[in-house]
Amino acid sequence: MAKTQATTGSGTKGTGNALVIVESPAKAKTIGKYLGKGFTVEASVGHVRDLPQGAAQIPAKYKKEKWSSLGVNVEDNFQPIYVVSPGKTKQVKLLKDQLKKADTLYLATDEDREGEAISWHLLELLKPKVPVYRLVFNEITQEAIRGSLDSPRQVDDGLVRAQETRRILDRLYGYEVSPLLWRKVRPKLSAGRVQSVAVRMIVDRERERMAFVSATWWDLIGTFAKQSDAKQRLETTLVSVDGRKLPSGKDFDQQTGKLKNADLLLMDGPAAEALAARLRSGEFRVKSVEEKPYTSRPYPPFTTSTLQQETNRKLGFTARRTMQVAQSLYENGHITYMRTDSTNLSTLAVGEARKLVQSEYGSEYLPEGPRSYTGKVKNAQEAHEAIRPAGTPFAVPAVMKAQLGTDEFKIFDLIWKRTIASQMQDARGRRIVVTIEGEGCVFTVSGKTIDFPGYLRAYVEGSDDPGAELADQEKTLPSVVVGEALDAVELIAKDHTTQAPSRFSEAALTKALEERGIGRPSTYASIIDTILARNYVFKKGGALVPTWVAFSVVKLLEDHLTALVDYQFTAQMEDDLDSISRGERDSIDYLRSFYFGNGKPGLKKQLENKVDEIDARSISRISLGKADDGDEVFVRVGRYSPFVEKGEKTASLPEELPPDEVKLSYALDLLAQAAKAEEPLGYCPETSKPVYLKVGRFGPYIMRGTPEDEEKPKNASLLKGMSPDHITLEVALRLLSLPRELGAHPKLEDTMTVFNGRYGPYVKCGSETRSLPADVSPLDVTAEQAIELLNQPKQAGRGRGAAKPPLKVFEEKSPVTEGVVQVMDGRYGPYVSDGESNASLPKGTSPEELTFNEALNLLAARAAAGGSKKKPAKKKAAKKKAAKKATPKKTATKKAPAKKATTKGVKKRTTKKADD
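Counting from -7, one number per residue, gives the positions in the sequence shown under our numbering.
Source of the hints: derived by calculation from the structure; they are not laboratory data.
There's no promise every hint is true.
Straight-line distance between alpha carbons at most 30 Å, and here's what the computed DSS-like set of lysine-lysine pairs gives [what the hints assert, rightly or not]:
| # | residue 1 | residue 2 |
| --- | --- | --- |
| 1 | K681 | K704 |
| 2 | K712 | K786 |
| 3 | K596 | K180 |
| 4 | K93 | K25 |
| 5 | K284 | K440 |
| 6 | K21 | K121 |
| 7 | K655 | K641 |
From just these sequences and the hints, can you work out the full model?
In structure tokens:
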């Protein structure tokens, strides 16, 4: 396990050339400007070592060990195997070469577990013989950098051990549990300490929605006017009739749809209409006017979690997008460190915020003394400041707008306003409730008056425009007095329906995980990315919807590995890791207890015999209830797609249909349609084969013949806009006739053929193709229309015409090739290029969200793998020519030496934190 290497030459800094190592090129560039001559600033580009990511990375001397696939020697105090991360060999060599020229080494990685671990790994790899110092700072400003140089420290052994323990813990969890999911649910799935619990939370919410039974109730909306001034009106809601209160949504049981309290008055539509008719001629008076003062305190400055939540609500940003933009702001010296659980501000920052309150909003908005906030941080070593503007004085958003990109400015503006608002006066106002009575009925209306906006002048949570939001928050009522008579201007019967619990948005999931103490906010972005990439959830609008695969995985874990997805157990793990970082708990004992057990079965014991015990069929079935004939109906998670099942009958299920929409009645309809599909529409007059209308995982299609035929059945997709209900044998035969020939083109001297292609219908003649207009069907297009289309100039399209413009171009050039780094739209999806190498973007990564550092990391990994190098046109032509010649016999090649490994200390890391 990790043990911090002692720093050399304690207390004496070098005076010649100092090497400073940070994590990213952008950070290196910013810090380099502040340090100047005598300092060389280089980037590790994230983690330089990690556990092996597959069999190919495991050093030869360990491959025969039965624990080698884990990359952790569970038989010897959980010693990890570390190898240089893919694509990092050149960077490590560069750092070693620079270190040879230096007389001092400064490790200036981030001040948290991951950053501390990177510094430790650098020590292990570089083995410096010069004095080593650890620099820590919360912001990248000249004052902060110079201040850290004046008070360096050593690498924190506690933080390193905590990070290494977490890395090993996650490896054991993922590598031991994931294979069970592959065998019992579906290949290529993954399990994770935080990931699996997050999926369970999303599935639990969907279960609530599936069990939810809606209820409807009626009330009246009454509009009353002052008799002295009919323009002054109050829009009220009926709350009771003859002493019986009317219900609201919370008064109904979510699983039965029935009232919890039978004493409440439940009206239906006719009863509400009748009551409204009776009251229209009634007399009404003001029964009471209650006025209560209120005070609203400002929100604390941003933490990682609250920043992610707020940008998701206000800006619609994903957690990943937020963290990438915040990372860029931090590395360029605009905000403080963006991975923090703390709501504290330094004394200097508080003073600066108070000055801005005074200058921007006036002395009446400045409280007498500074405000302080308490958070839930348990580990003082990791308690940074809250996220705030960097430096002093704080830059004003109006000035920064010209210097920042669109996304950067939006987030900087939020951080600035939230920071300033945290040091402003409370908002004060009055809540007023008016009660109106007449004809045995009671109506109420509430209003809100803001007497002093306080911090709301600067920041309103969930609003982009505090000024406009203030107006929305205030609801003034006409001045009325007790006993005053009012006229009933309008009485409208209105129905209401209870709503199922809302699904989690990214913001809501982030908040729920943090409230339960599960994982660390800095990892939430990568967790959400992972569950999306693994097909555990998909997005519908901004909501996270679980797939049926997620239901099966959660069912397996809940039934057979209960503790691993227990909310309290997972939260306790995070506390235990914090205890290790503070030196209060031994990391080896903790790992031994988790893996082998301590009074309770450990992970290894829990997994014993599970392959034999778990019935894959049972795990893959989710019950929807029983049909009228008593047979149970299930959703089954198939190897490739979900389907519904009733006895021997099955029917395909659209994969991205939200589970709560798959009711029993819907499933029975699908089964009926599938049964109908077993009966042919008729028979093809040319082949005498049956013609079917089938429903597959991608929708309805036509099939001629059966799979049992010697000749493969011919299939045809429905045209866009076609409804399965309107498909007759005649229409089906016409679809099967595609592609159909239209005759010869008079000039091109080739046959014209019309196709229904993947991207829509088109006509082809030789090498020329043209898409059909939306109003022309491939079933009806004539030879004359085809000739006219083919005579028109070719439009730039997929794979042809003018080159596509870049999706994104970075301002900075590649430090390796000095070429422009840009994201392109390729045939197989977006990729990043620096003029020499191309690297595909990972699945689910948006080109707009890709940062410069991540682009460099992708290119470095691709270049290290020896692939996707751009070649000159002449070389490409020569390669094609050579390919035509006979392939020479393969000759034996020398086996590449195994990567240097050690059984000491971290995790791979680019600009994001470790994936839990």
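Status of the hints after comparison with the structure:
1. K681 x K704: OK: K681 and K704 at ~12 Å, within 30 Å.
2. K712 x K786: holds, 24 Å
3. K596 x K180: holds, 21 Å
4. K93 x K25: The given pair, whose Cα atoms are some 20 Å apart, holds under the 30 Å limit.
5. K284 x K440: Given that 30 Å is the threshold and the Cα spacing comes to 10 Å, the pair holds.
6. K21 x K121: Holds - the C-alpha atoms of K121 and K21 are around 26 Å apart, at most 30 Å.
7. K655 x K641: holds, 17 Å
Comparing the model with each numbered hint stated earlier shows that all of them hold.
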